Structure formats: C-alpha cells, structure tokens
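*Asks:* As a plain string of letters, each chain reads:
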Amino acid sequence: MTAHLPPQRSETVFEDFKLPLLHDAAVAEANRCLFCHDAPCINACPTHIDIPQFIRKIATENVHGSAKTIFESNILGMSCARVCPVEVLCVGACVYNDLHQPPIAIGRLQRYATDEAYAQGWRFFEAGAPTGKRVALIGAGPASLAAAHELRRLGHACTILERRANIGGLNANGVAPYKMKADRALSEAEWVLSIGGIEVRTGVNAGTDVTLESLEKDFDAVFVGAGLGADSALGVPGEGLPGVSGAVAWIEAMKLGTVDVSTVRRAVVVGGGNTAIDAAREARGLGIPHVTMLYRGLQDGMSGYAHEWKAALVDGVEAEWQAVAVAIEGDGRVQRVRCVRVDAAKRPVPGSEFTVEAELVLLAIGQSKLGDTMAALPGIRVERGCIRVDEHGFTGRPRWYAGGDCTSGGQEVVNAAAEGKAAAHGIHAELTGNAKAGSKRHA
Amino acid sequence: MPDLTTNTGGIRSPNPFWLASAPPANSGRQIQRAFEAGWGGAVWKTLGVPVQNVSSRFGGLTIRGVQGAGFNNIELITDRPLEVNLREIAETKRLFPHNPIIVSLMVETEAEWKDIIKRSIDAGADGLELNFGCPHGMCERGMGSAVGQEPAVNERITGWAVKYSTVPVLVKLTPNVGNIVPHGMAAKRGGAHGVSLINTIKSIIGVDIDRFVPLPRVGGLSTNGGYCGAAVKPIALHMVAALAREREFGLPISGIGGVSNWRDAVEFILLGSSTVQVATEVMLRGYGIVEDMTDGLQQYMRTHGFERIDQMVGKAVPTYSEWGHLDMNYETVAKIDADRCIGCQLCVAACHDGAHQCIHPQEGTRVPHVDESECVGCNLCQIVCPVPGCIDMAQVENGHAPASWNQHVNEGRALRPKKGAH
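Line by line, the protein sequences give chains W and D. The opening position of the first sequence corresponds to residue 10 in our numbering, with each subsequent residue numbered one higher. The opening position of the second sequence corresponds to residue 266 in our numbering, with each subsequent residue numbered one higher.
For reference, chain W alone in the conformation it holds in the complex (with noise of 0.2 Å):
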C-alpha cells in the first residue's frame, strides 16, 4: 500500500522532532529504569504494556523479547512509541518525577525496541486455529487493525471495510509529520494486515455501499472504528473563500500529498485542541512565516497538551486568545479574519473588534461524529453522536461492537488500540459462548 503515496509530499520536509535512540543509549536509558514493582507506568498506558519488562530486555539486549513484550500487549506498538503523549501517560508516571530526576524516555525506548523489529523483520504472531465465524470491520484505522489483528490470533475471519482508498486511519492521514510520516503508518498497517487472513476492501463505505443489515447478515459480526467525519464549520460568513479549510482535511493533504504554501505568508488556526496544534506547527513547519492560533478561552483552558503547545511556542507559532472569527473576508480568496474579544464566559466584548491578516485558515474545532449512521440499528446508543459502548466495545445489540474515535469522540492511538483489542476479546467471547469476565452491559 506503500506504493500509493507520492514519493515528494509536503510532510516529507519534516524530521523527527524526537530522535531515535541508538543502541548504547537506549541500553543506558533502559539500565536506568528501577524496574518498580506494580509499576505506575504500565497502569497509566491504556495497552498496559510491562514497561519495565520490555525496558529491562534492553538492557540486557534481549531486543527480540522486548519488543515481543510490547507488541503481545499493543499491536501498534511501533507507531505509538512514536505517537503517544508520553508525557502525560507513562512517562508522566515514573517515579523519577518525584525524585526530581529526569524520567526515564520510555517512548524512545519503545521506538528502539519496535523499530528494530520491523528492520529485522521479526513476526511474533500467527493466526488461531479456525473458528469459522467472520467478523466485519468498519473503518481501517488503529482500532480496526488492532481488533481484527486479535481477532485472527483467536481464528476469526476479518474483513475491513475502508471508505479511503488507504488503510492506516488517521495514524496515514492524521498523525503529525514530525511524530510519523504516512509510510511509515502504512507498513505498519501491512505489517499488521501480516498475520493474514484479514480481507481489506477500500472505497467501501458501511451503510450506504454496504448496508448494515447486509453486514449483520453476512457476517457473524460487526465491529465500527469509523473513526470521526469531516472538519466542523464555523458558521461564520466566507468560510467558503478559497483558502479556508478544515484542519484535518489540510493536514490529510499535506501528508498524502502536496499543498502549496508559497503564497501563504500567513495562517490563522482556530481552535485550541491538540489538531489546532499540530496544524499550527506543520504550517510553521512548511515554512509559513507567521502562524496564528486563534483561541476563544486562555491559555490554561486549551484541551491541547502543554507540551505540545510549549513546542508550538519554540516553533515560533502566536495565539490571540480570547478571540473567536466573526468573519472570513477576502477578494476571491481568503485575506483577513474578522476577530472579536471574548469574556470568560465566552461573551463577545463590545468594541473590540479586530482583523488578523491571513492567506491560510485551517478550523480546527472538532470534527463531525459518525456514530448516528449507526443509531438506525435498534439497540445501538448514540450520545451526542459517539456509539456508547462497554469495556467490552459491546455497543448493546448482539454482535456489534465498537472502539476508537467513533466512541470516545477523538482520543489517542493507543486508545483505539486498547479498545480494538478489547472488543476483539468481547467478539470472541460473544462468538464462542463464553461469558465476559465483568461485563457491565448498557442495555
């Protein structure tokens, strides 16, 4: 699948923004680690990898079982390591933090482990004996690949139903050049896919090419990692300019592809999440000289993480905060946003209006939710478009689970991963007639 990406695309400009370790550092990182007993990393990775275990098999150069540790835990190991907010997960749980020592690169150390799995082409799993059951898979994102990747180690058939023409979700077309370059998400896809078995049909999409009683006929059942829909509008006048576009749509561009920035010497970004971040950093990034983060509460109140938007302010990017986009002005192409002040309750402040200069507008301010396509099937609960499930990915009618975005409304990878293997595990259970341990159903 590769061989579908161009080789020139914007994001190719991008270098890691984390180096990778090489191997006498890593073996001297992972010598550091204490090896704690219970220890708080492993409970605050949504896979619960043994963190320690897998370091401590650096560190005695067991690379092979290191990385047979992680992957036995989180199939998308390699792009997580690369991917994860670290920095409030594992690593923001090591207890060097209370010790006021530097905690240990758990990330990196990962990235060791996986990336040298795949250079050496190691293959730690095969598929289960047959059960003759077929699942179907909506969506061929990081939930997806990591449900039907556990699916075939129980000997479930899998079909993944795609409506890109590539497979990878948002991990290909979402993940910021400098943490991940789409060629990467997509060996890692392959690689995956790699256990065999696995039938992937792109440009497929569930619920009008495919019905979704057809898949509940067809198959014995059903798993949705949609993932999430397209950039919401603002709602303001001129959105429509040439220039303006939705965050992630712009940064699907750029990584599958080429956007031209040349002209742009300068961008607005609205919104104050972590999409509106890696926006304004990949502009920076592409060159734009001045790079505009508009945000309607302050700094504290931004979802986005304060490590990224640290990295945002080294990559020279600004914020006007308190400020919303009244307008979208421009002589056939975007020129200026139209600005007001904001209060604390997010009330426009009288008078005080103002206009920043812009030949790029990315929104990022959420992203539509799939999870009412799904709503037709009784049985099914929607909340504010995102199909409640248990921790089982069970969404409340027989045989149909779910897990990632289109669940939690936009989480990270290794959410996804933790829940596509979970609900792999609730699908067996179901298919086989196994009770799950500790199943709390909605319905």
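Keep in mind the hints are simulated off the structure, nothing from the lab. All values derive from a computational prediction rather than experimental measurement. Heads up, the beta-carbon is just placed ideally off N, CA and C, and yes, glycines get one too. Incorrect hints may have been included.
[Said to hold, decoys possible] Quick list of the computed label-pair ranges, beta carbon to beta carbon:
no.	chain 1	residue 1	chain 2	residue 2	range
1	D	His617	W	Ala34	29 to 35 Å
2	W	Gly310	D	Asn663	54 to 60 Å
3	D	Asp557	W	Val97	39 to 45 Å
4	W	Pro111	D	Ile469	36 to 42 Å
5	D	His634	W	Arg356	49 to 55 Å
6	D	Pro653	W	Val97	27 to 33 Å
7	D	Gly484	W	Ala34	30 to 36 Å
8	D	Asp557	W	Ala34	22 to 28 Å
9	D	Ile648	W	His109	20 to 26 Å
10	D	Asp604	W	Gln17	53 to 59 Å
11	W	Val97	D	Asp560	43 to 49 Å
Fit chain D to the known structure of chain W by using the hints.
*Replies:* Just chain D, lined up with the frame of chain W:
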C-alpha cells in the same frame, strides 16, 4: 591541612596513594607523569626475565551498564629489557626523589633474586615488593602465586630477599588461598617489613556466547586471568582486615583490590592499610583520579578530626568481630519516610520475593506499609530503595539486655523472641 604522609614498613611516601605493579607502572615516563599528577609512590611493574605477552590481554565486566565494574587480565610481568627498566628507575628517582619507587620482583633461583635485588637497589629502589601473587602464566612456571600459596616457599624466598636487600621488603600476597593468615605469617617469619594485598583473583571474566570461547579471547582460545577492579573490593577488605586483626601478625599493610576513589582508600586504611595501591581505576580513567583521592581523603580527615594517616590506620579493626560476638538482641526495623518515598515499590518486591514478606502495598497510596512486627531488620529494602535517606533502619528499644550467641550458649543469656521465623 591534614598530613597525608605515610610510612609503610620504612617506606615513606608523601601520600598513601601508590600505583600498583601493573600496566600503569610499566615505564619511567608513565610513572613520572603519575608523580606529576600527584601519586605518592609507585610499585614498578614486576621485573624478572622479560616475557612476551598475547593479544588480547584484558577483559571487562559490565554490570547493569557500568563498564569495567570488574576487570581481569592475562598480562604477565614486564616484557621490557631489564636494563631499560633499571635506567628509567634511576632517571625517575633523580626527577622525583621524594616519591618512593618500590620495585616488584619475580625470579626463580636464589642467585637470580640476589642479582636482581642488588641491581634494583643500585638503580634507586626505595623498597622491594616480592610478587608471590600473580595467578596466571607465571605460576605455571613455578613463580607468582605458586610461591604465595606455599607458606614454606614464601618464607624461604622472603628470607633470601631480606638477606640481600638493604631497603624494606614487602611481600605481595595472593588471595587464591582459603585463609590468608598463614601466608602473611610466612612472610613475617621470612623477615618481610610489610605485606601488600590482594593480588588478583583467579577468574574467567566472561564467555563470548556467539563464538563459544571464554574472554579475553586470544584467537580461538582463552585462559584464566586475574580478577580485579571495583567489584573485588569486598574480598580485599576482608583479607586486609583478617591480617590486621591477627595479634601475632603486626606488619604494615599496603592495601590493594578495587580501590577506585578516596572512600575506598579510607575503608582500606580504617581496616589496617597504611598505603593503598591502585591499578584498574587508573587503567579505566587515567592518573588524574588521584586529585580527587587526595582532596577527598583530606576533607574526610578534617571532618573526623584526623591530623595524620597513622591516626586512622586500623581504626575499624577492633570492631571487626566474630559472628558469635554479635548482639542478638540488637533490633532494627525499616521505617519508610512517606514524604521522600516516590512509590516505586522496589522494597515491596524485594521484601516479598527476597526477604521476609513484611512490606505491603497500601490502598490509596503508593507508599508501602512496613509490618514492624514481622520486619527482621535485614536491610534489603534500604539497599534497593533508589531514594537516599528514604528508608531508615531504626533501632527498636525492645528492653532486652545485650546478648551474643556465645553468651547465650556459654552463660545462658536470654535472647529476644525470633521474628519472621514462622
């Protein structure tokens, strides 16, 4: 400023730090640079009939990423012509008249000993060190540890050396014996003015697990070598102390074995050494380490009110006792400082898996709980704790009068109830 000068069996030195007979003391130019860096004395790498060496010669032991925590070598005595060594000894003495040069010697016959002793002293040796310790290569030729392991041979050759020497004679002892004391006593009976110990320990430093050959590898073969470096210090400290506390012994000791810094030196001195000899740490880091050794030792002496080294020598020897004399009723328990604890729970794993199952996780906090009624005071938790000062082994005032095992057996003194023995 504390006085660092020392006297080991009549060999006076401006400070207690000597280069041991080893690669760092192989040539005049090296030893001159060492003296320039601040080393007090040097034991010139063993003279004898020049040998030929192999490659490779050294092996390092890496422990949890720390390279050279232990070390071994299969290098023999000097491979340089005797005349060259003697000329450089004379030249070095001329340049550094106040820094003692102790010449290490290893030959076979009495006539050879007589000859090489005279020539060494003529060259300017301030003392001699008889190499009765080398555990590889030379012992197969009836020298080195082959001498040191036989008290009668040790005594006889020491006697020759003392007879022909006009400068103090130190006997370098091998640790490759069951009990060091008879060997120190043999040196004393032979008339030695002091002993130096330990020489290296017979060892295989590791195995090349891909080629199936022990290390260090010489082509397709290997051989046992001499183990040294920081990891051997505990063995050396015991042997030094075993001689130092022996009433009949009483000879000055030059301590060797894993001395890497001033703290190690202080330990050797407190257990009876008046000088210490260093090789491996110099091989790993160079002569410059002596600056901190000198500085650290002086600061230590100031802190403890010592004005001269001899006030420190053997200061800890009287407290090195027999197990039967230890107070069985002295009781400690682990106390975890909740404010310092970082919640790693290494103590939980260590206590549960490796000790007496008395440290437990608690609900609602990462700080573990010590069940003091079960704690035997073993120290394991304190040893694994990564936070300095977090775990204190606190004495328990249990009301039991002191009682050693010997007192219990011989006098019927009461022992406190056992803990953790159910």
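*Asks:* All the hints need checking, so say for each whether the structure fits it.
*Replies:* Verification of the supplied hints:
His617/D and Ala34/W have their C-beta atoms about 33 Å apart, which keeps the hinted 29 to 35 Å range intact. Checked against the given bound of 54 to 60 Å, the beta carbons of Gly310/W and Asn663/D, roughly 58 Å apart, stay inside it. For the pair Asp557/D and Val97/W, the supplied restraint of 39 to 45 Å holds, since their beta-carbon distance comes to about 41 Å. A hinted range of 36 to 42 Å for the beta carbons of Pro111/W and Ile469/D is consistent with their spacing of about 37 Å.
Between His634/D and Arg356/W the Cβ separation comes to about 52 Å, which falls inside the hinted range of 49 to 55 Å. Taking the beta carbon of each, Pro653/D and Val97/W are about 29 Å apart, inside 27 to 33 Å as hinted. A hinted range of 30 to 36 Å for the beta carbons of Gly484/D and Ala34/W is consistent with their spacing of about 33 Å. Taking the beta carbon of each, Asp557/D and Ala34/W are about 27 Å apart, inside 22 to 28 Å as hinted.
Taken as a hint, the range 20 to 26 Å holds for the pair Ile648/D and His109/W, whose Cβ atoms sit roughly 22 Å apart. In this structure the supplied range 53 to 59 Å holds for Asp604/D paired with Gln17/W, their Cβ-Cβ distance being about 57 Å. Range check, Val97/W to Asp560/D: about 45 Å between beta-carbon atoms, so the 43 to 49 Å window is met.
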